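My request is simple: use the sequences and hints to build the entire structure.
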Amino acid sequence: MAEPTELLGGLKAPLSEYGANENAWPGLVQSDGTNNQSVAAGSIAVNLTGKYSSLGGTVAGTYPNGTITGTMGSNSRASGQTITFATTNGGQLWDCTGGTVNQKFRPQACRAAAAAPNP
Numbered sequence: 001m002a003e004p005t006e007l008l009g010g011l012k013a014p015l016s017e018y019g020a021n022e023n024a025w026p027g028l029v030q031s032d033g034t035n036n037q038s039v040a041a042g043s044i045a046v047n048l049t050g051k052y053s054s055l056g057g058t059v060a061g062t063y064p065n066g067t068i069t070g071t072m073g074s075n076s077r078a079s080g081q082t083i084t085f086a087t088t089n090g091g092q093l094w095d096c097t098g099g100t101v102n103q104k105f106r107p108q109a110c111r112a113a114a115a116a117p118n119p
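When we follow the numbering used here, the leftmost residue of the sequence shown carries the number 1, and every step to the right adds one.
Everything labelled a hint here was simulated from the structure, so no lab data went into it. Please note that a few of the clues may not be correct.
[Claimed, not checked] Below, computed lysine-lysine pairings styled on BS3-like, alpha-carbon distance capped at 30 Å:
#, residue 1, residue 2
1, Lys104, Lys12
2, Lys104, Lys51
3, Lys12, Lys51
This one's a predicted model, so the numbers in the text were calculated from it and none came from an experiment.
Set out below in structure tokens:
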């Protein structure tokens, strides 16, 4: 699950920059791989396809609070499962523990903290 997390994490900087400049989050448009692509105002073109995974991405929330959610494509063993990055400060800090992907498949930094056992 490192590759999908890296693909989605690659959106943090451009989203943070857009949010800081526009005081809003952009929409995401799948890149067609060319430099000639026309993208509507309020959107940015992204490529969320790697060697082993493909994600469908969405951005939600009202700036500065927001989430980026990537849904695993059908060419993945985790098809339909999600990874979510969340911010409450315009993208200065992101938390990647959200989503439905099993904790054991996530990079260490994106695993939810285990609850302390009751004595």
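Results for each hint:
| no. | hint | result |
| --- | --- | --- |
| 1 | Lys104 <-> Lys12 | 23 Å, holds |
| 2 | Lys104 <-> Lys51 | 21 Å, holds |
| 3 | Lys12 <-> Lys51 | 20 Å, holds |
Violated hints for the displayed structure: none, as all numbered hints are satisfied.
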